[in-house]
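Go by the hints and put chain B onto chain A.
Protein chains in written order, with the working numbering: chain A, 1 to 270; chain B, 1 to 295.
Among the hints, erroneous ones may be present.
Calculated pairs, DSS-like style, for lysine-lysine (alpha carbon to alpha carbon, straight line, at most 25 Å) [claimed, not checked]:
#1 A:K36 with B:K260
#2 B:K101 with B:K166
#3 B:K52 with A:K50
#4 B:K52 with B:K101
#5 A:K50 with A:K36
#6 B:K52 with B:K260
The hints are simulated quantities; they were obtained by calculation from the structure and are not laboratory data.
What follows is the residue order along each chain.
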Amino acid sequence: MTDVSSPQEAPDPAGTGIDTTVPHSARIWNYWLGGKDNYAVDREAGDQYKEIFPGIAVVARTSRAFLTRAVRYLAGEAGIRQFLDIGTGLPTANNTHQVAQSVAPESKIVYVDNDPLVLAHARALLTSSPEGSCDYLDADIRNPEAILETAATLLDFTQPVALMLMGIMGHFTDDEAYPIVSRLQAGLPSGSYFALYDGANTNEAFNQAQQGYNDSGAVPYHLRSPEQFRRYFEGMDLVEPGVVPLVQWRPDPDTEQAEIYSYCGVARKP
Amino acid sequence: MSTDQRDGGRAGDVQGPTVPRMLVGIQLHRFREAAGITPDQAAYEIRASRSKISRMENGLVRFKERDVTDLLTLYGITDETTRSGLVTLTRQANMPGWWSKYGDIMADWFEAYLGLEMAASVIRTFELQFVHGLFQTEDYARAVTMLGHTSASAEEVDRRVSLRLKRQDLLNGPTPPQVWSVIDEGALRRPVGGAAVMRAQLERLVEVAKLRHVTIQVVPFNRGGHAAAGGSFTVLRFSEPEVPDVVYIEQLTSALYLDKHEDVDHYMEVMNHLSTEALTPAQSMRFVSDMIRDM
Numbered sequence: 001m002t003d004v005s006s007p008q009e010a011p012d013p014a015g016t017g018i019d020t021t022v023p024h025s026a027r028i029w030n031y032w033l034g035g036k037d038n039y040a041v042d043r044e045a046g047d048q049y050k051e052i053f054p055g056i057a058v059v060a061r062t063s064r065a066f067l068t069r070a071v072r073y074l075a076g077e078a079g080i081r082q083f084l085d086i087g088t089g090l091p092t093a094n095n096t097h098q099v100a101q102s103v104a105p106e107s108k109i110v111y112v113d114n115d116p117l118v119l120a121h122a123r124a125l126l127t128s129s130p131e132g133s134c135d136y137l138d139a140d141i142r143n144p145e146a147i148l149e150t151a152a153t154l155l156d157f158t159q160p161v162a163l164m165l166m167g168i169m170g171h172f173t174d175d176e177a178y179p180i181v182s183r184l185q186a187g188l189p190s191g192s193y194f195a196l197y198d199g200a201n202t203n204e205a206f207n208q209a210q211q212g213y214n215d216s217g218a219v220p221y222h223l224r225s226p227e228q229f230r231r232y233f234e235g236m237d238l239v240e241p242g243v244v245p246l247v248q249w250r251p252d253p254d255t256e257q258a259e260i261y262s263y264c265g266v267a268r269k270p
Numbered sequence: 001m002s003t004d005q006r007d008g009g010r011a012g013d014v015q016g017p018t019v020p021r022m023l024v025g026i027q028l029h030r031f032r033e034a035a036g037i038t039p040d041q042a043a044y045e046i047r048a049s050r051s052k053i054s055r056m057e058n059g060l061v062r063f064k065e066r067d068v069t070d071l072l073t074l075y076g077i078t079d080e081t082t083r084s085g086l087v088t089l090t091r092q093a094n095m096p097g098w099w100s101k102y103g104d105i106m107a108d109w110f111e112a113y114l115g116l117e118m119a120a121s122v123i124r125t126f127e128l129q130f131v132h133g134l135f136q137t138e139d140y141a142r143a144v145t146m147l148g149h150t151s152a153s154a155e156e157v158d159r160r161v162s163l164r165l166k167r168q169d170l171l172n173g174p175t176p177p178q179v180w181s182v183i184d185e186g187a188l189r190r191p192v193g194g195a196a197v198m199r200a201q202l203e204r205l206v207e208v209a210k211l212r213h214v215t216i217q218v219v220p221f222n223r224g225g226h227a228a229a230g231g232s233f234t235v236l237r238f239s240e241p242e243v244p245d246v247v248y249i250e251q252l253t254s255a256l257y258l259d260k261h262e263d264v265d266h267y268m269e270v271m272n273h274l275s276t277e278a279l280t281p282a283q284s285m286r287f288v289s290d291m292i293r294d295m
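In isolation and in its complexed conformation, chain A is listed as follows (with noise of 0.2 Å):
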C-alpha cells in the first residue's frame, strides 16, 4: 500500500476540507445508496431531490451495479489486471477492487480522487488483496498528465489498463470534460480500455431535479445526451452493445430493470 499525492505530497495546513454546510455529491450518492457516510445536509438535499425525481435512488443502485459488471467483465473476458479508478467516491458494496480480485486475486488498482474525505475512506477500508495492491492518489482529474504520470509509477503502462470515469465528468462542462477524456485516453498503451458512465438529460424530471441540485450550492453537475456520450468514445472500439442506458448494457438476470436516464459504455482503445 502506498498513498500518493501529486505533484508532491502535501498535507492540507489550512484545514481538512470537509464542508459539512454545503452538500457533497460523494455523500449525496452515498445516502441514495442505502449508505451511512452521510450528513443531515447531504440527506436534506438527496430528499429533496428526490422529491422531483424519485428514480434516483434506483439510478444509484443501477449505477453501481453497472460498475460492477463492467470490472468483471474488464477482469474477467477483457483479462485486464490494471485500474484506474478516477473519481472514487466513498466505499460501498462492491468497489472496483473487490470486483477486480475476486475475478483475479493479483488486480492492481490505482484510486484517485482529490476529496480528503474520500480519500482517508479509501486508504482505510479500501484495502488490497495479499496477491493484488490499491494504491490512492490524491490528484485533480483536470490535470490528466499528473495522474498518468503517477500512475505509470504504479502500474506496468507496457500493459493494458482499464481507466475508469463512474459518474464524474458530469461534474464539468464540456469544454473542460472532453479534453480530460481524451487526453488520459491517449496516455493508455494500445488494448487498454475505458468504461465510463454518467447521467443523461433524456428525461425532464431528472433534468428539474438536476438543476435544484445544481442551484444549492453543490458542485454541478451536467447532464448530457447520448450522442454527447458517444463523443466521449471516438477513436476508441466500443464492446457490444455500445453507448447505452445503464441496465442495457450486458444485464445479468438479475440486474434490476428500470426505464434509467444514465447511459454507460466500454470501449477499447486499438
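Coordinates of chain B only, in the frame set by chain A:
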C-alpha cells in the same frame, strides 16, 4: 478507548438495556411502522401484551428468537440477509459472551461494549491517552491496568489482562471487523510501563497495521486542533443497513452510547476531521518506525 485502562471498574448502578437489545428494538420498531402494523396487532401475533411490544422496541427486555422471527414475518421482512442479521444480533443480545466469566471484574456497561465490538463491521476509534485495547501488548495492558486499579490483587490484574488479550482474538477471527484507529501522538510518547514496554508496544502497532483490516493513523503534535477538542471515543458500524452507527464514550464509572442521527453525525464529523488531518496510514507507520529508531 481512553478507557482501556478501566475495562469497567465496578461501576455502581448499572442502568438500562444493553445496546444490542436496543439495536434489535430499533429495527423491530422501524419494520413495524413501515409495514403499517399496530402494536396491538404485533402483540397478538406473538401472544403478548401491547406493552411487551413497546418494551421490546425500546430494548428493555430479552427477546425470544422465535418472537423476533415471527414479527419479521408479520412485517413482511423476507430478505434472508436482513432476517439472519437480526437473529444474530438477537442472539448476541441474549447470550452471555465469552467474557461473561469475567463478570466479577467488569461492569455491565463495558460488557455491552464488548457485545457491540464483536458485532460491528467497522470500528473507528480516536485515542488520546492510550493505545487501543485491541492493539495492546500484554506488558502494556498490564501497565495500563495497574494504573487504573492500584489496589487490585495480582490475581485480579492477571484476569483483567487476560480479558484484554482475549478480546484481541477478534482481529484474527475468520471475519474480522475493519478497525480504523486514529491515535494522538501523546498516546505514543507516554511511556506506559517504561521505555522497553513502550518500544515493544510501538513495534506491535507497526505489526498489527500490516493486517488488511487494520488501519492506524497518527495525529502528530504539530497538527490537529480537533484532536484537542474532545476526548477519546469509538464509532461502531454494523453491516445491517437499518442499524444506525453507535458512538461509545467511556467515562470514569459508566459509558455513554449514542445512536441518534444528530449525535452520531456530530461525532462522525469529528472522526472524519481527525482522519483527514492525521498522517496517512503509510506516513503514520513511517512516523512510528522513526519513533522506535530514535528511542
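Quick rundown of the hints versus the structure:
1. A:K36 with B:K260: Measuring from Cα to Cα gives roughly 13 Å; hence the hint holds.
2. B:K101 with B:K166: Holds, because 12 Å separates the two Cα atoms, which is no more than 25 Å.
3. B:K52 with A:K50: Between K52 (chain B) and K50 (chain A) the Cα gap is close to 37 Å, so the pair fails against 25 Å, i.e. violated.
4. B:K52 with B:K101: violated, 30 Å
5. A:K50 with A:K36: Cα-Cα ~17 Å, so holds.
6. B:K52 with B:K260: holds, 23 Å
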